[in-house]
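Chains A and B, in that order, give the protein sequences.
Read in our numbering, the first sequence has 340 at position 336, and its numbers run on one by one without any break.
Read in our numbering, the second sequence has 696 at position 348, and its numbers run on one by one without any break.
Think of the hints as simulated: they come from the structure by calculation, not from any bench.
The structure presented is a predicted model; accordingly, all values stated were derived computationally and were not measured.
Errors might be hidden in some of the hints.
Partner residues are not named here, just some residues of chain B that face chain A (Cβ under 8 Å, in silico) [what the hints assert, rightly or not]:
| hint | residue |
| --- | --- |
| 1 | 601 |
| 2 | 605 |
| 3 | 615 |
| 4 | 623 |
Restricting the straight-line Cα-Cα distance to at most 20 Å, the calculated cross-link-like pairs of lysine to aspartate or glutamate (EDC-like) are [as the list claims (entries may be wrong)]:
| hint | chain 1 | residue 1 | chain 2 | residue 2 |
| --- | --- | --- | --- | --- |
| 5 | A | 363 | A | 302 |
| 6 | A | 109 | B | 449 |
| 7 | A | 361 | A | 258 |
| 8 | A | 113 | A | 82 |
| 9 | B | 616 | A | 84 |
| 10 | A | 363 | A | 289 |
| 11 | A | 361 | A | 256 |
| 12 | A | 113 | B | 615 |
| 13 | B | 616 | A | 320 |
| 14 | A | 355 | A | 254 |
| 15 | B | 616 | A | 61 |
| 16 | A | 109 | A | 84 |
| 17 | A | 363 | A | 343 |
| 18 | A | 109 | B | 615 |
Facing chain A, from chain B, some residues (calculated, C-beta under 7 Å) [what the hints assert, rightly or not]:
| hint | residue |
| --- | --- |
| 19 | 604 |
| 20 | 609 |
| 21 | 610 |
Glycine residues also receive a C-beta, built at the ideal position from the N, C-alpha and C atoms.
Chain by chain, the residues:
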Amino acid sequence: MSGINITELDKVYDSGTEKVVAVEDLSIEINHGEFLVLVGPSGCGKSTTLRCLAGLEDVTTGSIQFGDEDVTDHRASERDVAMVFQNYALYPHMTVRSNIGFGLKLSTKLTGDEIEQQVEDVAEMLGISELLNEKPKALSGGQQQRVALGRAIVREPSVFLMDEPLSNLDAKLRSDMRTELQELQADLDVTTVYVTHDQTEAMAMGDRIAVMDGGVLQQVGPPEEVYRSPVNQFVADFIGSPSINLLSADVEGETLRGPGGFTYEIDDTEPVAGHDRVRVGIRPEDITVVDSGQNTADVTVVEPMGNENFLYMEMDGHELTARVDPAIRPAEETQVSFDFREAALYLFDAKTGDALKTKTDTVDPAVVGTTED
Amino acid sequence: MATSDETDDRVGQAYRRRIRTKIRTATRRSRRAARPVWDRVRFARQDLTAATPALPRVAYLFIAPFFLLFSVFLAFPVFYTLYLSFFEYQGVGQGSLFWIDLGPVYIEIPQIAQLNFVGLGNYARLLGNDLFWQSMFNTSYILVIQVPLMIGLALALALALNASFMRFKGVFRTAIALPVSANLVAYSTVFLLLFNEQLGFLNYVLAGVGLGPVPWLTDGFWARNTIIAAVTWRWTGYNMIILLAGLQTIPQQLYEAAEIDGANRWEKFRYVTLPQLKPVFLFVVVLSTIGTFKLFAEPYVITGGGPTNSTITIVQYIYRQAFVNFNLGYASALTVVFVAVVSVFSVIQIKIGGED
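Bound conformation, chain A alone (with noise of 0.2 Å):
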């Protein structure tokens, strides 16, 4: 069976003049038939990682174990892997059916008939089936996205890896070809690489998620951990939609404050000892607007979502999100009290960014239905 073990893998790109680091020392255990998210932002390495264990780019230093074997210095035909790319490289002169079946006829023992039958299957599974005989070009980009899964999964490879394949979609589409690609991947029991830079795919879809940045990787775990207990403060901000709101805080005994008179009492001082300032990070959710309070912000704008609303709001300055339930909506300009539970706070060391404290509310999540097997 094909899991994945990254060792200490470094890539720098050496163009002669300049050193360019990649990816810096890089270590992961991917088990077999696990989903993995690599997220992170642009030019943080993720692409280059996954490159990587493609066989496109050759490794600085470090290994690259599929199951058992080291394929480090493997050529990516040699691999056993497939990749669907972010803009599909479907072949644009070969009809559907021979884009799919290419992989089969260059690298397999097939007979044609056998190609044609396996094809066939792959095309059903995806609901192609009426678009085999057509060109790429004719087809939608739902539709080549399909074509580049097909092309993927037909060869029945020991690993799959995937380069935003969703971010050219629209996303409506994107949502949909999320859940179909997560169930298929579910069905084939095959080890799972994916890329994106939008965190909102990464927690939707990933067994566990892996955030990097600047080369490094940050954290791996599953999207709840990672939500809940990051790291660091670049994790926190990362993960999350709306964004985790960050402010600077002097540290005086049990109280925290910050700009624009916010003041927050803490019962517990150990995360805070020896810090005379760190960063506070209190998710929108988490920030409840009460009658009178401490803290007070004005509202810049209200973004109703129907089933929430989105307050802006600025604090001295410093803007404040919060998600609230629907019934409350503050006029603009106006000025809101807000609070919330200690539990549900984060605090960063000002300096390195790390946690030091992060949510400590449970949350139980109760299991609901039976599994099938």
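Given the coordinates of chain A, assemble chain B onto it according to the supplied hints.
Chain B only, in chain A's frame:
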């Protein structure tokens, strides 16, 4: 940045404020006295545009010069050539073709030439003419060898220059493409000297390695090859540049997809490069075929069509008939046949290579 402090927020605020200010100023016209001169020019232009009434169909006026020049220098000669091919030319025209007397204004169109109608006589004459067939054979021979040779070379060079490991690409590209800037007569003269039997550099080198002098210019077979060498030298770089540009438009991801699909180097060339290059390749083939069909200056300078007409090309034959023997009618018929043959060739090539 993980350690961002308040500065981040402050920068963001300042930025927003600046945008707000910008929007405010953009909607208003600057009233300051010392407006930069280019702004005043722009305002004047905007005012002028607003004040000028829109002229209907003024666009036709703008495209008229092209059609005027085209009809005088291209359309008229083309049709006149066709017309002329049914006549025998007997001398420069005398008298008027027609005149219009409008009282005070008298317009007279002089007759261009004295012509004698011969119907399809010129065409019958060329079909029975040995030199016509000889020149057709020479041209075809040069074409069949030179065009594939040159395009093959150009493609090989383009592939080499497009390879990622290649260094000093710019230098090689320029060096290889440089011959195209050479003056036709000048480079032909250089080839004439290089291939000279007694004094030429090439035979000197061959003698150095113990090979006898090759009759580059005096033997029909070798003379044709000399022409092929010259034309290939001059045009390979040109075609290489076009093919290289075509190669560079092929998306890198297709090669990566092919690599993952298990393609080796040859299979990538066969299944990605060739199909993707097809339109550019077709363009190069059609253009080269037409170019070589029109071959004139090289044989004119290097061999003069000799020895004993074994390198005379179709255009050279037309030139001789038209401007040496002044058989303008007959030369026109030759031209019509020549254009028809080239057109048929091009259409066939595009039909074969141009589906979808």
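Measure nothing beyond the straight line between the CA atoms of residue 361 of chain A and residue 258 of chain A; if it is 20 Å or shorter, mark the hint as holding. 15 Å, holds
20 Å Cα cutoff - pair residue 355 of chain A, residue 254 of chain A: Roughly 13 Å separates the two Cα atoms, so the pair holds.
Pair hint outcome, residue 113 of chain A versus residue 615 of chain B [Cα-Cα no greater than 20 Å]: 16 Å, holds
Holds or violated: residue 113 of chain A to residue 82 of chain A, with C-alpha atoms at most 20 Å apart: 15 Å, holds
20 Å limit on alpha-carbon distance, applied to hinted pair residue 109 of chain A and residue 84 of chain A: With Cα atoms ~14 Å apart, residue 109 of chain A and residue 84 of chain A stay inside 20 Å; holds.
Are the Cα positions of residue 616 of chain B and residue 320 of chain A separated by 20 Å at most? 61 Å, violated
Holds or violated: residue 109 of chain A to residue 449 of chain B, with C-alpha atoms at most 20 Å apart: 81 Å, violated
Would you check whether residue 605 of chain B satisfies its interface hint, that is, whether its CB is within less than 8 Å of any CB in chain A? 4 Å, holds
Would you settle whether the hint for residue 610 of chain B is holds or violated, based on the nearest Cβ-Cβ distance to chain A being less than 7 Å? OK, holds: residue 610 of chain B within 7 Å of chain A, min 3 Å.
Holds or violated: residue 109 of chain A to residue 615 of chain B, with C-alpha atoms at most 20 Å apart: Holds, at about 11 Å.
Should the interface hint for residue 615 of chain B be scored as holding, given a Cβ-Cβ cut-off of 8 Å against chain A? 6 Å, holds
Hint check: is the beta carbon of residue 604 of chain B less than 7 Å from a beta carbon of chain A? 5 Å, holds
Checked against the numbered hints given earlier, the structure breaks hints 5, 6 and 13 and satisfies all the rest.
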